[in-house]
Amino acid sequence: MAEETKFEPKIVAFLCNWCTYAGADLAGTGRNQYQANVRVIKLPCTGGIDPLFLIKAFERGADGILVSGCHPGDCHYNSGNYHARRRWNVFRPLLEFCGINPERIQFSWISAAEGGKWVETINGVVDTVRALGPFEGYQKINTIGPDASSESSQT
Amino acid sequence: MGKKIGVFVCHCGTNISATVDVEKVAEETKKNNPGVSYTTTYKYMCSDPGQKLLRDKIKEEGLTGVVIAACSPKMHEHTFRNAAIKSGLNPYHVEISNIREQCSWVHPDKPVGTEKSTDLVRMMTEKVRKDKSLKPIKVHVTKRALIIGGGIAGIQAALDIADGGHEVIMVEREASIGGHMAQLSETFPTLDCSQCIMTPKMVEAAQHDNITMHTWSEIESITGYLGNFDVKIRKKARSVDLDLCTGCSSCWQVCPCKKIKSEFDMGLANRTAIYIPFPQAIPSKPVIDRENCILFKDARKKNIKPNDSKVCRKCIDACPIAPVKAIDYNQEDEIIDVKVGAIIVATGFRELEDGLYGEYGGGKYEDVITGMQFERLASASGPTDGKIKRPSDGKEPEIVVFIQCVGSRDPSKGCSYCSKTCCMYTAKHTMLYKHKVHHGHAFVFYIDIRCAGKGYEEFSQRAIEEEGATYLRGRVSRVYKKGDKLIVLGADTLTGSVVEIEADMVVLASAMKAQDDAEQFAQKLSIQYDKDKFFSEMHPKLKPVESSSAGIFLAGTCQGPKDIPETVAQAGAAASKVLALLSSDELEREPVVARVDRQLPPVFSTCIGCFYCQKVCPYSAIESEDIKARDGSVIKTVARVNEGLCQGCGLCAATCRSKSIELDGFNDEQIYAEINAVEFN
Chain A
4 MAEETKFEPK IVAFLCNWCT YAGADLAGTG RNQYQANVRV IKLPCTGGID PLFLIKAFER
64 GADGILVSGC HPGDCHYNSG NYHARRRWNV FRPLLEFCGI NPERIQFSWI SAAEGGKWVE
124 TINGVVDTVR ALGPFEGYQK INTIGPDASS ESSQT
Chain B
305 MGKKIGVFVC HCGTNISATV DVEKVAEETK KNNPGVSYTT TYKYMCSDPG QKLLRDKIKE
365 EGLTGVVIAA CSPKMHEHTF RNAAIKSGLN PYHVEISNIR EQCSWVHPDK PVGTEKSTDL
425 VRMMTEKVRK DKSLKPIKVH VTKRALIIGG GIAGIQAALD IADGGHEVIM VEREASIGGH
485 MAQLSETFPT LDCSQCIMTP KMVEAAQHDN ITMHTWSEIE SITGYLGNFD VKIRKKARSV
545 DLDLCTGCSS CWQVCPCKKI KSEFDMGLAN RTAIYIPFPQ AIPSKPVIDR ENCILFKDAR
605 KKNIKPNDSK VCRKCIDACP IAPVKAIDYN QEDEIIDVKV GAIIVATGFR ELEDGLYGEY
665 GGGKYEDVIT GMQFERLASA SGPTDGKIKR PSDGKEPEIV VFIQCVGSRD PSKGCSYCSK
725 TCCMYTAKHT MLYKHKVHHG HAFVFYIDIR CAGKGYEEFS QRAIEEEGAT YLRGRVSRVY
785 KKGDKLIVLG ADTLTGSVVE IEADMVVLAS AMKAQDDAEQ FAQKLSIQYD KDKFFSEMHP
845 KLKPVESSSA GIFLAGTCQG PKDIPETVAQ AGAAASKVLA LLSSDELERE PVVARVDRQL
905 PPVFSTCIGC FYCQKVCPYS AIESEDIKAR DGSVIKTVAR VNEGLCQGCG LCAATCRSKS
965 IELDGFNDEQ IYAEINAVEF N
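Chains as they are written, first to last, in the working numbering: chain A, 4 to 158; chain B, 305 to 985.
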């Protein structure tokens with residue numbers, strides 16, 4: 004029991020530069036506190052996210068992932084977020100097939116004006132993943148691929 | 305061989321150092337990252353000595369990569385990259401680790417913030433390791449500006465740019481330019497007549513050699529980028545040929561449809577179906593309101609061409625222009641293509657709709673009117689020639705109650721912001737009323753009186769002390785009708801009493817709202833907007849007139865509520881940005897663009913020519929290219945990115961099946977380096 008309460012999930016967030024990254028900045032400007040479990044990686048657009056980035060993050064020990072971009076219709080590049088959504092729809096069943104609970108990856112739209120929504124979303128993801136427990140499937144991922152040996156030396 | 309990376313951790317005064325142990329971050333970074341050869345902390349990295357420190361250390365330490373752990377890259381990425389250039393380092397080897405907005409300001413626990421900051425710095429250090437030198441891309445600049453909106457903001461910006469010697473295209477969706485300012489009676493704090501200062505500007509804009517005006521027109525689409533926008537303008541069918549028409553007024557004098565509410569007079573007067581919005585309209589030429597004209601109604605019903613309808617032809621018969629009449633019932637919308645280098649959005653606001661405050665009887669009782677309606681009543685060119693009369697029976701109101709903050713500062717009605725102008729215009733209204741109805745009495749219900757501006761406080765004090773308006777601090781709960789009076793029930797919170805006033809007229813200080821179609825319009829332009837649908841500036845303090853899209857600027861109330869002086873100032877600022885942009889023949893653009901793999905024979909390129917990238921590219925930036933042998937035979941057809949068109953979203957890179965496309969500045973190596981560095985605990 005004591006072990007479980009100690010578990011702090013590790014979340015990697017892939018954010019688009021124009022909406023969600025700016026929304027996260029706004030949460031900061033407004034001094035809206037949230038759980039510190041997230042590490043942000045900024046990209047120009049969620050449409051430019053290769054699903055392998057997400058797999059790689061799991062492999063590096065992430066317990067959960069957030070992908071967040073602009074609201075439908077608001078994409079700085081007109082349609083990037085639609086492609087991201089479509090790619091996610093295809094990717095999701097594959098995750099299940101690989102034995103990764105799709106709840107570990109969450110997808111959201113947060114605009115540059117929604118600092119509050121960023122806080123809610125991050126806290127939500129952290130809580131969800133905390134309830135799911137640590138992700139240990141990465142150890143299996145680890146045994147495949149060229150740099151498997153270097154990875155295992157670190158664990 | 306490896307990079308020599310320098311890490312500079314900023315205290316930001318105490319903004320960062322209060323909740324992040326910056327010294328520890330620097331120390332840990334140096335200890336655990338073999339490539340990091342130099343670390344330091346500094347009180348204000350963005351200050352002049354801070355930048356000097358960066359410049360000096362790049363030289364002294366021979367740094368080939370830099371991480372600045374400070375505020376958001378949106379604040380100072382540009383600043384630090386420029387500083388690097390001065391020391392001879394390619395700016396794209398400088399990355400910002402955001403430990404203020406996304407760490408110190410949101411995590412009050414110091415050990416937690418320190419740990420997260422150390423992680424964030426490590427991730428950026430790894431990215432910098434993979435950074436490559438990039439050269440800025442040069443793009444040609446079309447020396448012409450587009451102004452969207454013909455209100456005071458648009459007119460001011462157009463005049464400033466046109467005076468600077470550049471061509472301006474102005475698009476206004478109404479039949480005349482002028483916007484809201486043309487509707488106002490007198491303006492605070494000087495009480496000079498709005499028409500008297502506005503109409504000369506309208507004429508100046510219309511007659512300026514460098515300004516081309518398109519009224520009754522809307523933006524169909526905008527594509528392209530900074531310096532090279534392609535704009536399609538829809539000139540809506542006016543049914544009147546602007547070149548032929550002389551504005552003689554014969555047509556609208558004979559029009560039989562006389563009971564259409566005038567938009568310009570806020571519904572307080574009627575207009576005809578063929579009309580000019582107001583006497584000083586520019587162009588002073590009419591438009592046919594096709595919704596309400598009986599000829600067009602008949603044509604729609606019978607499904608025939610308007611010119612074939614015989615129901616009413618009074619206007620065309622009255623038109624003295626010969627041999628070809630200036631009225632053309634069959635005129636259709638026309639699409640015009642223009643190329644511009646910069647755009648100013650000045651689309652203005654709309655007044656809060658009637659009826660949102662049912663408890664005040666707005667939209668229900670004729671004598672409960674909005675602030676704009678009062679402007680029209682008080683205006684010398686208005687429906688009552690400037691006499692204050694009740695809309696219901698034309699009587700002079702002896703008691704008028706003004707209710708402030710109607711739709712402003714009221715989150716329960718979805719409007720949490722302050723509309724900024726209402727305190728002042730209500731003070732003005734009480735004065736105008738007292739000047740015209742000497743024995744009348746004005747009551748004002750307010751929450752706070754906010755009069756921050758030059759001469760504003762004095763103005764509102766004058767309304768209270770000299771003009772005798774009674775200000776009551778409190779909200780009104782209800783307005784209802786009793787006989788021909790309006791009973792206003794409110795509270796005076798200063799005396800703690802309930803107030804009941806028998807009023808003849810009630811004026812609501814209605815909020816300024818974003819235009820109804822602001823959201824769709826922002827999407828058309830790819831610019832950001834805030835929770836209230838006002839367009840967002842790039843930076844709230846340092847880039848107040850730039851939109852989130854390069855080359856598109858904001859002016860006036862489309863960005864947020866403001867008064868006339870502020871609007872004019874912002875329009876001038878936007879115009880100066882445009883003038884600076886148009887002053888050069890070529891611009892440098894961020895080199896964040898996609899690149900398709902090209903290499904030496906025998907591979908030439910790993911691209912397999914599937915052209916999925918072409919299908920997803922929002923900018924049609926992917927072209928096909930034949931790789932040819934010496935004899936001219938095609939070896940391979942591969943994709944190529946047009947750097948001028950590419951905006952750097954990375955869609956193609958993520959879509960590419962053979963991993964042949966990389967996005968400069970965010971390539972796979974860089975992103976994987978960041979992910980690999982996440983390494984929790």
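A hint or two may mislead.
Stated by the list, open to error - Short derived list, chain B residues pointing at chain A, Cβ under 7 Å: (1) H411; (2) D423; (3) L548; (4) G551; (5) S553; (6) I912; (7) F915; (8) N971; (9) A977.
Unchecked claim - Calculated from the model, a selection of chain B residues having no Cβ within reach of chain A, i.e. all distances over 12 Å: (10) K378; (11) P415; (12) R426; (13) K618; (14) I640; (15) L660; (16) T797; (17) D834; (18) L904; (19) K919; (20) Q974; (21) V982.
Simulated from the structure, these hints should not be mistaken for lab results.
All values reported here derive from a predicted model rather than from experimental measurement.
All C-beta atoms, glycine included, are put in the ideal place defined by N, C-alpha and C.
For each hint, the structure was consulted:
Interface hint status for B:H411: upheld, as the beta-carbon distance to the closest one in chain A is roughly 5 Å, under 7 Å. At its closest, the beta carbon of B:D423 sits 6 Å from a beta carbon of chain A; the interface hint therefore holds under the 7 Å criterion. For B:L548, the suggested interface contact is broken, since its CB lies about 40 Å from the closest CB of chain A, more than 7 Å. The closest approach between the C-beta of B:G551 and any C-beta of chain A is roughly 41 Å, which is over the 7 Å cut-off, so the hint fails.
A distance limit of 7 Å between C-beta atoms decides the matter here; for B:S553 the minimum to chain A is near 44 Å, and the interface restraint is violated. The interface hint given for B:I912 is broken, as the beta carbon of that residue sits about 17 Å from the closest beta carbon of chain A, more than 7 Å. A least Cβ separation of about 15 Å between B:F915 and chain A goes past the 7 Å threshold, and the interface hint is therefore violated. Evaluation of the B:N971 hint against chain A yields a violated restraint, the C-beta minimum of about 10 Å exceeding 7 Å.
Taken as an interface hint, B:A977 does not check out: its beta carbon lies about 10 Å from the nearest beta carbon of chain A, beyond 7 Å. The beta carbon of B:K378 is not kept farther than 12 Å from every beta carbon of chain A, the shortest such distance being approximately 6 Å. With a minimum CB-CB distance of about 10 Å to chain A, B:P415 fails to clear the 12 Å threshold, and the non-interface call is violated. Not every beta carbon of chain A lies more than 12 Å from that of B:R426, the smallest distance being close to 10 Å; the non-interface claim is violated.
No beta-carbon of chain A is positioned within 12 Å of the beta-carbon of B:K618; the least distance is around 45 Å. In this structure B:I640 is separated from chain A by more than 12 Å, as the shortest Cβ-Cβ distance comes to about 23 Å. With a least CB separation of 22 Å from chain A, B:L660 remains clear of the 12 Å interface cut-off, as annotated. Residue-level check passed: B:T797 sits 29 Å from the nearest beta carbon of chain A, beyond 12 Å.
At the 12 Å boundary, the C-beta of B:D834 falls inside the reach of chain A, the nearest C-beta of that chain being 4 Å off. At roughly 25 Å, the least C-beta separation between B:L904 and chain A is larger than 12 Å, which holds for a residue marked as non-interface. For B:K919, the shortest C-beta to C-beta distance to chain A comes to about 10 Å, within the 12 Å cut-off, and the non-interface label is violated. Annotated as non-interface, B:Q974 brings its C-beta within 12 Å of a C-beta of chain A; the closest such distance is 10 Å.
Annotated as non-interface, B:V982 brings its C-beta within 12 Å of a C-beta of chain A; the closest such distance is 5 Å.
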